[in-house]
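Chains as they are written, first to last, in the numbering used here: chain A, 1 to 804; chain B, 1001 to 1309.
To be clear, the hints were calculated from the coordinates, so they are not data collected in a lab.
Check before you lean on any hint, since a few could be wrong.
As the list claims (entries may be wrong) - To give a feel for the contact side, a few chain B residues facing chain A, derived at Cβ under 8 Å:
no. : residue
1   : Met1001
2   : Pro1006
3   : His1036
4   : Glu1152
5   : His1156
6   : Thr1258
7   : Asn1261
8   : Arg1262
9   : Leu1271
Unchecked claim - Below, a sample of chain A positions facing chain B; criterion: calculated Cβ distance under 8 Å:
no. : residue
10  : Glu131
11  : Arg133
12  : Tyr134
13  : Asp138
14  : Leu142
15  : Asp724
16  : Thr729
17  : Glu732
18  : Pro789
19  : Asp794
All residues carry an ideal CB built from backbone N, CA and C; glycine is no exception.
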Amino acid sequence: MTITQDTQETQQPREDHDHVDNDHKPMGHGRMLRKEDPRFIRGLGQYCDDIQLTGMLHLAILRSPVAHARITSIDISAAQAHPKVRLVVTGAMLAEKGLAWMPTLSNDVQAVLATDKVRFQGQEVAFVVAEDRYAARDALELIDVDYEELTPVVDVRKALAPDAPVIRDDLEGKTDNHCFDWETGDKDATEAVFASADVVVTQDIVYPRVHPAPMETCGAVADFDRVSGKLTLWSTTQAPHAHRTLYAIVAGIPEHKIRVISPDIGGGFGNKVPIYPGYVCAIVGSLLTGKPVKWMEDRSENLVSTGFARDYVMRGEIAATKEGRILAIRTNVLADHGAFNGVASPVKYPAGFFGVFTGSYDIEAAYCHMTAVYTNKAPGGVAYACSFRITEAVYLVERLVDCLAYDLEMDPALLRRKNFIQPEQFPYTTKTGWVYDSGEYERALDLTLEIAGYDELRREQAEKRARGELMGIGVAFFTEAVGAGPRKDMDILGLGMADGCELRVHPTGKAVVRLSVQSQGQGHETTFAQIVAEEIGIPPEDIDVVHGDTDNTPFGLGTYGSRSTPVSGAAAALVARKVRDKARIIASGMLEVSVADLDWEKGSFHVKGDPGRSVTIQDIAMRAHGAGDLPEGVEGGLEAQICYNPDNLTYPFGAYLCVVDIDPGTAVVKVRRFVAVDDCGTRINPMIIEGQVHGGLTDGVGMALMEMISFDEDGTCLSSSFMDYLIPTALEVPHWETGHTVTPSPHHPIGAKGVGESATVGSPPAIVNAVIDALKPYGIRHADMPLTPSRVWDAMRGHATPPI
Amino acid sequence: MQVPAPFEYERATSVDHAIGLLERLGDEARLVAGGHSLIPMMKLRLTDLEYLIDINDLHDELGYVRMGTDEVRIGAMTRHRELLESAELAALFPIFADAEAVIADPVVRNRGTIGGSLCQADPSEDLSAVCTTLDASCVIQGSGGQRVVSMEDFHHGPYETAVGHDEMLIEIRIPVRSGGSSAYAKVERRAGDWAVTSVGSAVWMDGPVITAARVGLAAVGPNTTGIPAISEAMRGQVPSEELYARAGAIAAESCSPTTDNRGTADYKRHLADELTRRTLRRAVERITAGLEGDAATTHSNTNDSDGRA
Ligand SMILES: Cc1cc2nc3c(=O)[nH]c(=O)nc-3n(C[C@H](O)[C@H](O)[C@H](O)COP(=O)(O)OP(=O)(O)OC[C@H]3O[C@@H](n4cnc5c(N)ncnc54)[C@H](O)[C@@H]3O)c2cc1C
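Next up, chain B with everything else stripped away, as it sits in the complex (with noise of 0.2 Å):
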């Protein structure tokens, strides 16, 4: 059994209680919310901490999903499960529940929580590639209060944010906008593997011509842009095959992975390109789907399949 070094324990009551013990215990003090990045870590004494603020109590007050006219709002304690089991989420978004069912495993997806998983800023993480592609800002509270930043600003680099280290991640706010669609593709060595790479992808149409596309990748190195050139060169089109491998050599050219285990960094780049391919046309034959029915069908169609590529 692997067993940690010693550390003190607190539970949190409140986000200022959390937030208050954090400044009062200083950097040697870090939350734990799932725990199924950070214990693993504590396990093979790969992390030094003095303190561990246990933040599961704030499930009631950061476990949600808020559905707004304009504005999904995410609390940062929402549990993968409960992200992968929202129907409305679903409904909206549904490069979710592409992406959540591909996300680890279910032991992992009923503790693990969107808040950990974009704290932790693994390369590999799903959530952040999700929350790129649906062009999402992050809420951070401290004592003196909050701020809210793009994806862009909160990502710094691997395992590494904006939340400093008396702050909090508290919400995950994502814009609403008409004519929308998206998808979710992972490709995996075995199910509940971490990426070799996954794209996930966001259309938005006027009737037949797209208004605004935006791609996230995993896996592939620092990417939290949306990737503009693929917007620009997909803005005013009409969807076809040459437009998305034109998308997918876009996606190829922006990344820069590596190779280890998972993969040689040439395998990565085709596969950025060809899930890039896959998630663009999923995602408008979504739209199109969801204009030929009413709005349940538009649910229905996000269960046509995982985002298993």
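This is chain A alone, in the form it adopts within the complex (with noise of 0.2 Å):
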């Protein structure tokens, strides 16, 4: 059966798994497969290190062994002599000409080819580039470096101390490793509730380090024709324009002289947000030898040295009164950036969107103060499905509403429902002047405790701490903020985030579209087939979607922080509508009615109180380029053009309820249930929204349970390989129970919100709280994620640590 689902649809009281019927696919939105699938599950995706070209040459780079040290020589002579070598390149070289260090995303520098110092285990040091990829990495073994080996700073803690060295003294006048400091709310009004508050909840939190860590690796084949002075650079991005216009900027090349692909992505989660060194190696390798140079890095590379997430040292505090009404929260945060600061997110706003740490609760006051600080590790900061740091802030807030509960012996369910937002008072302006478009709070919850069965699973629990049991239920719910953003607010490195969409309708009716973000696996040929498909009435089938090439596309900020369907979404159904009005203008000509008289029936125009005399959007495609008159002042074709400004983000919202059992014996967790009820506004293909939400989940089970980055005390990374970085796997995860509710987005042409990152956001907590929650009968109120056999086990002996 399909599902063809109203945008006004309301509460369904549960997913229907419904199988999708691929021979009736919906005019629009709608369940159907995805039209990127065949070529993916037959392995016929083109990924980066698919593209073969001729005479092209293999990149490999030589990391730092050690976390901090200074380079007094390095030798290249003996890699140099390598038979298949045919360039090698230190940083000193680069330096030479002024390509030794490259702007990140946030105005900060980052070295390419590291000249002075090592700041992390894992920076780049030099490149070479061989004939194959296996004389590429057995030449590194060439090179002989020299490091004066300096102490490092790992203890984010300690990274602001008076006597610890300082990493950037590259930066002119820099004493310490303060990075930046940052303040959202009013302090004043705040401390001023929680002063005569009657309860106040204070809890020290960390989210540690974890890494996006995507199946396929970061890379890139940059090919540079000398005769034309043109760069073609396919790589592994999720922003190819904002890396075009970066490049530009950075390699002195014109912008029209650079095309950026960015072929089939094997998954980004944020990671292949930031410019990397070994792009702009793969780049220079091209240019000084004239041939096209492939760079792959491997998973080892991966994990040590791009873009991380998370590292938020974090102290929150929340005030209610007696009866459970929240009244304000504040909180301080240490945040661990590592050597040079990489974040990406949009240069207002170096916290990304952590502001929205007041969650879904409608409080009086709220403060945050951040100190941001470099340390000896990996850069990075924001990456990892997180919307800009509103992982970290659900995190806290959900955590602090459990540990209120916990001390005021309420129910965590219930403490919720008492403070929510309510619908009428949307929009609503937080206290840290976030605009929330939309929201429905309590049916969502409350849909969710009805899939669940809440009241018959705390009446399960209650019998098995009878016994000695332990089992938890963890409520968390979410208010997430995408689809960056408003141009005026927003940009990164002077870049808009507006995203421009061009339709294309061709004489038999056939379309394409043309978008400016890319898909890392989120299924855009088919999302934005459809949106058109809704818009236009022609089949998503019939419909391509062409993405991902600087030189086939209009301009926009990429695809990150959910915001395709959000900005990019937007952009699709307007660009349609565009066309869909010059196809009434063509209509009226052909049945020689005037446009006020014509009806627009999905794919049909006809004339108004006569069905019968109609012309398909088919129709109206050929004359729109075939040989008959067109009406007064119209030309020929069928196509439009647009960009679109977001007014605002939208303000995608979910209920996500976990149910876990923790062995007395070995404090081994098992989630046993999870169920998650998502609310993204109208919803595009209700499949692909699944597969988003079942994918976060475990991203979720992933983050509570097992993944961390560490590091040990000289600042090695103990977490280079997938046998020390666990990402869960399908016997760690339950059967997902998904639900869903509506409440479209008002500014939204459509309705719709971001939905690829919820289910990351929301469910970290949710298992968290339902660990706690088992664990009550040992009177804790919170534990510090990984939450590992080993570390439940502490906690259950009143030794919980924090992980850092």
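Assemble the dimeric complex from its two separately framed chains, guided by the hints.
The following block contains the structure:
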């Protein structure tokens, strides 16, 4: 059965998990198989590493074995003598060309290759270009680097100690490891509320460093044509246009002479937003050899050197009445940004959108102060499906609410319901200045509790507790802020976060839509075809989606922070409407009536009151390109282009519930059930939404129970392979029980909100809350992730320790 | 993609051929069996070798589980999967099925071998603990002939065994004694991960009385003795929770875990205790169930669960 969902559709109790009938595809929104899957499931995707060019050379990077050291000498002569080596480049050689340093996306600089010092273990020191990838790796071992080791700064809490070595002595006048300070909310008002509140709960909470770990690591193929002066770069980027602009600025190649192609991408999760030294090295390699050069990092390189996520040490405080009315939230955050500030969020938001830490609650005051520091660790800071730090914000507030419930001995679901922002309060301005567009929180929570059978679960828990068994029920509610963003507020390196879209209908009524965003697995080729189909009545299978190629798509900022549907999706709907408006004029000529006398029914115009007199969109397309007359002033062709600048972010939300069982003897946590009700406004393809949710929930299990990038005291990364950095498998996750409500966004043309990161944001607190709930008999209010058996056992013995 | 340094490669066609190659090529040569330990190390360039001698063609010769009356013989090239799926082995030594179900994942189990596992001698390796528990011995062959060593003599320390560079492990022998059963339990952070701690137990009974017991631990320091103190404490006793607790306490005392990302030393010590109790209890339950039913039920009892604790 095919489900075509009305955009105004109201609450549907449960996800139906219906099979998709591929013979009856929806004309627009609805459940349908993904158009891209036939190539993926046949292994015929075309990823960066699949690109093979004639004469292509291979690049490998020599990385620092130590976290902090001065480079005293580099001897490359043996590597240069290797018979298959074409080029060896060091930082000093790049410095001669002014390319040793590059800007990051957050107004810092990062070394392409280290010149003076290495600042994290795994930092790029030199590169080799050779005839094959084996020779390139072999030659790395022939490079002799002398390091004079310096004391590394590993413990984030000691980064600002007066005697801490200065990591960033490359920055003029830098005398400490301070990166930035940031605050939001009203400090005095918050203090006043806290001073008079009945109850104040304070909790130290660490969100450890984790890694996006996409299946495909980062890489690039650079091909510089010395004759035309044009650089073509295939690269694993979530933002091809923004990258092109940056390359133009860094490398001095005119922007029209750079083509960035982002082919099939095997997962991004934010890991592929930054520009990495490897991309620049590949470009330099091709410029210097005149040959195409491929760089593909391996798994360890990806884990030790590319954009990590989180690493926030937070002190959270929540003030409430004794009846459980939440009054204020306050937090102080110490943020570890690694050796270079490589955060990829809108420039005016150095802490991303952490400001939404007030959550889904109607409170009186809020305040956050954050200090970010440099440490001798890999750079980055915002990545991993977090909607620019909302993962941290939601985790903080949802843990605090549970801590409050614990202290007040209240049911955590009830406590949340008591404090929700009410539907009539939207648009709701939070105490930190975010304008939530729409929401109906209680409805979503009630649906979750109903699907879960909450009361029954609590009864079961009581019985089990009486028998000494450990069962926990965790509830979490989140509001996300996605779809960056209004260009007046949001830009990355001066590039406004608006997105272009072009739609061209061919003479036979087939169409091509060109997007500025790039899919890394989200199913854009299907969703965007459906968005256009819904508006213009051409079947989704007749609409080709072109993306990921700066020469063939309009400008825009790319796919991350769940922004594709909120921004580009809006652009696609509006450009289709623009084409439809033109089609209407052509139809009026064909039917010889005025435009006002035409009615649109998905796919055709007919004369009002006379459905028999109609023309289809395909007829109109042929006429638009044909020989016949067009109405006065109408040009031929049927196409349009727009650039969409969103009014506001969109604010999807959801209510999650997790049930865990803990073995009291071994402290092993088993996630038994997980119920996720998501509201992302209008649902375009429910199957794709479910896929996004399933993936995000799995991410959440990973972060809550096992994932962490850790370091030893020398700053060596201890999580440099999938044997040490664990990501969950099918055996660690339960059957996902999903449901949804639909609260359309009032300002989005089709009422859609983003959903790509909702589950990653919402699931960790639900799981942690469940584990802590299970441990209630031990008198435990909090324990930090990752909740590995050993760490849970520590908590059970009253020794819960922060992971860093 | 991780790529190894250059090496020469040859496929051995017989045990003698393999040993001949090892002798001729010297200590820059290594055997590769399933490759699931060696090849990752080569790709990470953590191991230095010039010659790789592939012994997978010897699977016909060395891939077997032979059930004898006094002894079970397992060829060194027997794959994890074959051990997991052997019903005869499971009937006699359910510890194998328990352990194999929680070793790595199907991809690794399809190729990895018992010989490679024992010779790798990783401190967290599970089959060494299983073999220790069952008091197995190892048959090592060189150009001068064969020698048979106990697990205690086989295992020299982490990543070190009695197998000389020009020798090969060809067979594992496990004594068969009546009235026994066994069990294995492992705590891991995630399916497919190496053990935080694993424990294997084997118990032999005569009527209601325990005649012998052995315990093997993995991931908590060197351990190849079967823990004689546990055997002593249990011999002649009737099974009880107090007895399991005493054995668990001895296991915890007899190990030397270290703190790492898998867990703290204290936690691992606790697991040595907890899992010793669990596996002894299960082994005894299996013996009792086997006595109550006939031989066929002994087998079906092995399917009650895998070794994931
Ligand atoms: C992802 C992953 C997870 C794993 N998890 C576990 C786990 O939970 N528990 C566990 O116990 N193991 C685990 N392993 C290891 C797995 O069991 C390996 O297969 C095993 O350690 C080695 O067996 P192999 O046949 O692959 O040996 P190889 O890698 O081929 O060889 C290992 C070493 O033994 C030597 N060798 C091999 N055969 C012989 C022989 N007949 N005579 C002399 N020397 C020989 C080789 O020269 C080499 O030095 C895991 C491995 C992986 C990749």
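Worksheet item: Holds or violated: is there a CB of chain A closer than 8 Å to the CB of leucine 1271 of chain B?
Response: Hint on leucine 1271 of chain B: holds, closest Cβ of chain A at ~6 Å, below 8 Å.
Worksheet item: With a cut-off of 8 Å, does the beta carbon of tyrosine 134 of chain A approach a beta carbon of chain B closely enough for the hint to hold?
Response: Hint on tyrosine 134 of chain A: holds, closest Cβ of chain B at ~5 Å, below 8 Å.
Worksheet entry | Restraint satisfaction for leucine 142 of chain A [CB to CB of chain B, less than 8 Å] | 11 Å, violated
Item to complete: Double-check arginine 133 of chain A for me: the hint is only fine if its C-beta lies closer than 8 Å to a C-beta in chain B.
Response: 6 Å, holds
Practice prompt. Answer holds if the nearest beta-carbon of chain A is closer than 8 Å to that of asparagine 1261 of chain B; otherwise answer violated.
Written response: Holds. Min distance 6 Å.
Worksheet entry | Agreement of hint methionine 1001 of chain B with chain A interface, Cβ distance less than 8 Å | OK, holds: methionine 1001 of chain B within 8 Å of chain A, min 6 Å.
Worksheet item: If you take the shortest Cβ to Cβ gap from glutamate 1152 of chain B to chain A, is it below 8 Å?
Response: Violated, about 28 Å.
Worksheet item: Can the hint on aspartate 794 of chain A be confirmed by a CB-to-CB distance to chain B that is less than 8 Å?
Response: At about 7 Å, which falls below the 8 Å cut-off, the nearest Cβ of chain B leaves the hint on aspartate 794 of chain A intact, so it holds.
Practice prompt. Let me know if the C-beta of glutamate 131 of chain A comes in closer than 8 Å to any C-beta of chain B, holds or violated.
Written response: Status violated, d = 13 Å.
Fill in: Supplied contact hint for threonine 1258 of chain B, tested at 8 Å Cβ to chain A
Because about 12 Å separates threonine 1258 of chain B from the closest Cβ in chain A, which is outside the 8 Å limit, the hint is violated.
Item to complete: Please verify that hint: aspartate 724 of chain A, Cβ, nearest Cβ of chain B, below 8 Å or not.
Response: With a closest approach of 7 Å, the aspartate 724 of chain A hint holds.
Discussion item. For the restraint on aspartate 138 of chain A, tell me whether the closest CB of chain B is nearer than 8 Å.
Written reply: 6 Å, holds
In terms of the numbered hints stated before, the structure departs from hints 3, 4, 5, 6, 10 and 14, listed from lowest to highest.
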